[in-house]
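Student: Top to bottom, those sequences are chains D and W.
Heads up: the first sequence begins at 1 in the numbering used here, then just goes up one per residue.
Heads up: the second sequence begins at 1 in the numbering used here, then just goes up one per residue.
These are calculated hints, taken from the structure and not from any lab test.
Hints are not guaranteed to be accurate.
[As the list claims (entries may be wrong)] Derived pair list, reagent style BS3-like, types lysine-lysine, alpha-carbon separation capped at 27 Å:
1) D:LYS100 <-> W:LYS82
2) D:LYS98 <-> W:LYS108
3) W:LYS82 <-> W:LYS92
4) W:LYS108 <-> W:LYS82
Note that this is a predicted model, so its numbers are computed, not measured.
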Amino acid sequence: MEAAWFLYVSAILFAIGIYGLLTRRNMIRMLLSAEIIFNAALLAFLSLASLDAGYGPVGGAIVVIAISLSAAEVGVIVSIAIMMFRMRRALDVYELRKFKG
Amino acid sequence: MSPWSDPLSVVFILSSLMAVIAAILIVHHRSIVYSAFFLSILGVGNAILFTLLGFPIIALFHLSVYVGAAVTFILFSVVMLKEAPVVEPPVKALAVIAAGVLALIMMKIFSVFTAEPSFFLNYRDLTALLVTKYWFALIVAAIALVTTLIEAITLARREV
């Protein structure tokens, strides 16, 4: 199985994520779309890392750290969304403008 | 030779379809709770693809940390939120064209990678690299994960 096929799947996932980001204003839906893009990026990264035995372990190490940081990022954004919902009763990202100091 | 005659090709086709259909459902499903659930399905599909590429350790890590922790965190947090109707921007046609063109350009770029993945990640190599070369990044990632734990506890205690 050629690496290009894995990269094609990654490109399709990336496009779906971009579509979701462009068409939604709900904060959680935008987060979920960004997570699709993150999954696509991981797949592309590992597909390219698997082509060379020298880069393979480095790619694996970077992806491990990226997944950990993504879990932290999800926590931060969900916390902001819950705080926003408690204060404004809405998840519309346009409402975030009203939080300016 | 038909791709259905090779078991690995069959696994690739099924897991890719699972990932793509889950991604479409994440964007299009009416309920956010189900969208978050489909994100975990996408994570499982991606983990199978990682295994096919020769990264079974990364696949296990993806399943345990990403699907098991991050997506579950979203899922349980979303249950706390009432789904308020949001006016979506009327750019669907434009977004479809943009996403389609983007996918075509990326596929054209990726079509040069015709080599087959011939790599299998040894966990000893991975841990040696993480401990010796990327130890600082590992500590930062661990601290970032602890902040997620603190966020979850703060949200559960309703201190904000």
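Student: For each hint, tell me whether it holds in the structure or not.
Tutor: Do the hints match the structure? See the list:
{"no.": "1", "hint": "D:LYS100 <-> W:LYS82", "result": "24 Å, holds"}
{"no.": "2", "hint": "D:LYS98 <-> W:LYS108", "result": "42 Å, violated"}
{"no.": "3", "hint": "W:LYS82 <-> W:LYS92", "result": "25 Å, holds"}
{"no.": "4", "hint": "W:LYS108 <-> W:LYS82", "result": "42 Å, violated"}
Taken one by one, the earlier hints fail for this structure at numbers 2, 4, listed in ascending order.
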